[in-house]
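Let the sequences and hints guide you as you build the complete structure.
Number of protein chains: 2
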Amino acid sequence: MDNTEITIHDIAEILGINSSTVSRALNNSSRVAQKTKDKILKKATELGYQRNHLASNLRKRKTFTIGVIVPRISRHFFSSAIAGIEETAFKAGYNVIICQSLESLEREKSIIDTLLANRVDGVLISISMETKNYDHLKGLKQRKIPFVFFDRHCDIAENSKVVIDDFNAAFTAVEHLIEKNSTNIAHFSGPQNLEIYKNRFKGYKAALEKHKIPFREELVVSSSLMEKDGAQNVQKILALPYKIDGLFCANDVVAIGAIQYLRKIKIRVPEDIAIVGFSNETISSVIEPALTTINQSGMQIGEAATNLLLAKISNENKKQIHETIIVKTNLIERKSTLR
Amino acid sequence: MDNTEITIHDIAEILGINSSTVSRALNNSSRVAQKTKDKILKKATELGYQRNHLASNLRKRKTFTIGVIVPRISRHFFSSAIAGIEETAFKAGYNVIICQSLESLEREKSIIDTLLANRVDGVLISISMETKNYDHLKGLKQRKIPFVFFDRHCDIAENSKVVIDDFNAAFTAVEHLIEKNSTNIAHFSGPQNLEIYKNRFKGYKAALEKHKIPFREELVVSSSLMEKDGAQNVQKILALPYKIDGLFCANDVVAIGAIQYLRKIKIRVPEDIAIVGFSNETISSVIEPALTTINQSGMQIGEAATNLLLAKISNENKKQIHETIIVKTNLIERKSTLR
DNA sequence: CTGTTAGCGCTTTCAA
DNA sequence: TTGAAAGCGCTAACAG
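Residue numbers (the working numbering), protein chains in the order written: chain A, 5 to 343; chain B, 5 to 343.
No lab work stands behind these hints: they were computed from the structure. Be careful, since some hints might not be right.
No distinction is drawn between identical chains; accordingly, a pair holds when it is met within one copy or between any pair of copies.
[Unchecked claim] Derived pair list, reagent style BS3-like, types lysine-lysine, alpha-carbon separation capped at 27 Å: (1) K316 - K332; (2) K268 - K240; (3) K270 - K247; (4) K184 - K270; (5) K332 - K232; (6) K142 - K43; (7) K95 - K113; (8) K184 - K268; (9) K148 - K214; (10) K113 - K66; (11) K232 - K202; (12) K43 - K113; (13) K316 - K209; (14) K64 - K268; (15) K145 - K209; (16) K148 - K47; (17) K47 - K145; (18) K46 - K148; (19) K46 - K142.
Rendered as structure tokens:
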């Protein structure tokens, strides 16, 4: 009468056999006669049986679930990474629990607790802006839950990560600007506790150095990666007593904000100020055809990270893998198609 | 020596008490002395105990997990909806399993099976483009798993949904174009098995009718919601023997494709052709300042859908709720800020 | 090839 | 206020 679900015992009883045989049949074990298997499978579908993964997982001490922690799902880079993760995981028979830290360390901690309590088999994480202390990650290590950083990583010992070639991408970007005759090149950076922004900054400096352009502190503006920061940053560099003719933007959202503001105040891109910014599939085609972008495929990063994590999961007993996968980016220059 | 996790029995044994008392204490039951509670909690944190939700859920027949099915995570509308869902669910102590159907009915079915097997407490679903048959949803009904449609719904009996005011939004959009002196107004539509596109189409027709503009079949171009469709659709309407001066686009991705193509062939928006398109928070500000948009907040829809679902979940035993929540959209006109 | 048995870690009666 | 015992649904020895 109630919400009674069909169990293997029900099937066993009806068929007059033992429930373990049913279990084996349902798992397609070779240790069950084909005839019995057929009978069981038939009855199972007839009754609308559906395996209870909770019970199965509890017994097997494995959940076929991976946890994913991102700062914010709606950021295009992360949503496309998640798309890649989900797809790869789905193919391998894994579920994905998605959580967003909303850039808060507190939340990140609490999420990790939840994931641990749910006994996920592994974790993919892109750390929050606030995360400067990594004790909560040690919890994962202690519990021997494999985890892989993607995009926003941090430099703790013995970890795996999937990142883009930040330094080189930045270097190429700035060199590109220099070749386009920019000399006063500003850099819109991100939080310096995040390795990716540190490395992009280093790439910026290295390119200047190579081309004997003096580095100026005031041309580097950091921010908290919001769209409004783009506008504010532009104001800051425009207030300088000399003309800025190039801009290397380390974050797509900030780039969007910057470009919108530049449009508003009628400064032309790339004629008045040439810009190179990090971006990704969709945004880059939409954002501004005149913007040269460093394309990073979220999908690809998600896929790579998931594959690496799955490898670590199935490898558990053997020696640990501590791998760094670098996903290549590429510079795409667009001719302005604006009238 | 192995990956031995701390259980309530470990705590009980150490403290020389019974595991059920530990369980009660950890659940903050009033039926255990404060002194014992303190002792237990202290020992638990000391040992780094973490409740095994699998076991707990199995016993309680409840998972505090909701399943979410969307066509594609990386679509901005869906990723912002998911952001809203995750946030609302997280607050209520629920986990979220995200799945993408990739617009395939087959996958949608298989996902529902997985979610059932995982004993999710409820499901939020935005159906795929291919979904014209709803038998797989009946499975949810039979199992009494509450589910709520959001955005892309279908008209099966007794269901709950959170949608936007498609008809009115479309009507307003087209009326807006008419007021801007467009008379030959094209409509880029979507799959007509999806109610939302049906209703947007109806709104388009109604507005024309009200203003005594004859409806012309050839001005309506449907598509499979890809960016490339935007370009193709534009080609189709430009091939018509008269000038199109208005366009109502029922899908943001198609709108993006259309605008890019128009730019490429040097047709000015909105001077040569006025456009109103559905859009959402981020995209709308980026896509094209000259485009008037119907803004739909994915976040808000996700939040509303989750709240409705949670209400249904906790209401399980009592009478069913079959509610339709309509989230209002608003038309945002932008002045072109392009040079 | 199939059955018996024990138990994954937790909650929840029932009894004391 | 605590303990004893049963069992959620499944799997995995171990027997036979």
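Structure-based check of each hint:
1. K316 - K332: within (22 Å within a copy, 47 Å between copies)
2. K268 - K240: This pair counts as within: shortest intra-copy Cα distance 16 Å, inter-copy 33 Å.
3. K270 - K247: within (15 Å within a copy, 31 Å between copies)
4. K184 - K270: both (21 Å within a copy, 25 Å between copies)
5. K332 - K232: This pair counts as between: shortest inter-copy Cα distance 26 Å, intra-copy 29 Å.
6. K142 - K43: between (49 Å within a copy, 26 Å between copies)
7. K95 - K113: between (29 Å within a copy, 15 Å between copies)
8. K184 - K268: both (24 Å within a copy, 23 Å between copies)
9. K148 - K214: neither (44 Å within a copy, 67 Å between copies)
10. K113 - K66: both (22 Å within a copy, 24 Å between copies)
11. K232 - K202: Within one copy only: 22 Å inside, 37 Å across.
12. K43 - K113: between (49 Å within a copy, 24 Å between copies)
13. K316 - K209: Neither, since 36 Å and 56 Å both go past 27 Å.
14. K64 - K268: Intra 60 Å, inter 57 Å, cutoff 27 Å: neither.
15. K145 - K209: The answer is neither: 35 Å in one copy and 60 Å across copies each exceed 27 Å.
16. K148 - K47: Only across copies: K148 and K47 sit 22 Å apart there, 40 Å inside one copy, limit 27 Å.
17. K47 - K145: between (44 Å within a copy, 21 Å between copies)
18. K46 - K148: between (40 Å within a copy, 23 Å between copies)
19. K46 - K142: between (48 Å within a copy, 21 Å between copies)
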